[in-house]
Amino acid sequence: MLHTVNKSPYDSSSLRTCLSLAKSGSDLLLIEDGVYGALSGSVHSDSIAEALNSLKVYALGPDLKARGISEDRLVSGIQVVGYDGFVELATGNDKVQSWL
Amino acid sequence: MSETKKFMYVNRHAPYGTVYALEGLEVVLIGAAFEQDVSMAFIGDGVFQLKQGQDTVDSDMKNFSPAYRALGDYEVNRLYVERESLEERGLNEDDLMPLTWEDEDDDWAEKKSIHIVSRTQLADLLEEQDVILNF
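Residue numbers (the working numbering), protein chains in the order written: chain A, 1 to 100; chain B, 1001 to 1135.
By construction, these hints were calculated from the structure, which means they are not laboratory data. Keep in mind that this is a model prediction, so the values were computed, not measured. For every residue, glycine included, the Cβ atom is placed at its ideal position computed from N, Cα and C. Wrong hints could be hidden among the right ones.
Which stretches of chain B does chain A cover? Using the computed rule of at least three CB atoms under 8 Å from a CB of chain A, they are [as the list claims (entries may be wrong)]:
hint: 1; region: 1042-1051
hint: 2; region: 1059-1066
hint: 3; region: 1083-1094
Below, a list of computed lysine-lysine pairs in the PhoX-like style, where the Cα atoms sit at most 25 Å apart [stated by the list, open to error]:
hint: 4; chain 1: A; residue 1: Lys65; chain 2: B; residue 2: Lys1062
hint: 5; chain 1: B; residue 1: Lys1112; chain 2: B; residue 2: Lys1006
hint: 6; chain 1: B; residue 1: Lys1005; chain 2: A; residue 2: Lys65
hint: 7; chain 1: A; residue 1: Lys56; chain 2: A; residue 2: Lys95
Taking the hints into account, I'd like the entire structure generated from these sequences.
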C-alpha cells in the first residue's frame, strides 16, 4: 500500500498516525507540507529514520524545492521523486491511503 | 494621526500548504501605510516562511518569498524568530533569508531585520504589544 502524508508533522498528527499503522513493506510518500517531516536534525528525524527500517520513504521533489529544502538536508535513506514517480508509486501499489 | 500603537503580527503557518502566510504578509504590507510601530513574530511552522532558497518553478505555485525583502522599505524591520522553533525543525539562522533594512538615522546603514529570540523573550515581546494579529 502507498501512504501519502500532506500535513506538517508539527501541525498535525497525520505522520505519527501513519507511521503507527503502516505495515512493513509499505511505501510512504511525503507531499506538500508533509515534506517538512523529511528534514534531518529535527524532532521528527528519529521516527522517520526508524520507519526507514521497514518502509520505503519518498519525498516529492517539487514540494521540497518550493519550500527551500535541498536534498542534502533530508534524513538519510529518503528518496526524492518527481510527479512521474508519484504516479508510478500510485499505480504500482494496489491501494493509496491519503492521511489528510 | 492619533497615538502610535505597538502592532505585532504573529505568523505560525508554513508558506504553501495553507494561505495564512501569504494573507498575513499582504496585511502587513498594507498595514505598513498606517505608520504604526510594527513588528512580526515567527513561531512554530511560521519559521519556514523565512527559509531561503524557495523555488516554486516546478510546482506551479506563486513564490511569494521575495516579497519579505520589501518589508524593510516599509519600515517593518523587526522580525523576531523563535530559536526553539528553528531548532525543533533542524534549522538555524543561516537557513533564513538575509533580510535587511536601511537606517536613515544612521547614515542609511544596512542592518539585519531578523532577530533570533528565545521563547522567553518572545513571551515578553507579546506582553508589550497593544495589538496582536494572528496568521
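We went through each hint and held it up to the structure:
1. 1042-1051: Coverage by chain A holds here, the residue count being 4 at a Cβ distance below 8 Å.
2. 1059-1066: holds (count 4)
3. 1083-1094: holds (count 4)
4. A:Lys65 <-> B:Lys1062: Holds: Lys65 of chain A and Lys1062 of chain B sit about 13 Å apart, inside 25 Å.
5. B:Lys1112 <-> B:Lys1006: holds, 20 Å
6. B:Lys1005 <-> A:Lys65: Judged against 25 Å, a Cα distance of about 39 Å means the pair is violated.
7. A:Lys56 <-> A:Lys95: Status holds; Cα separation ~15 Å.
The structure shown violates just one earlier hint, number 6.
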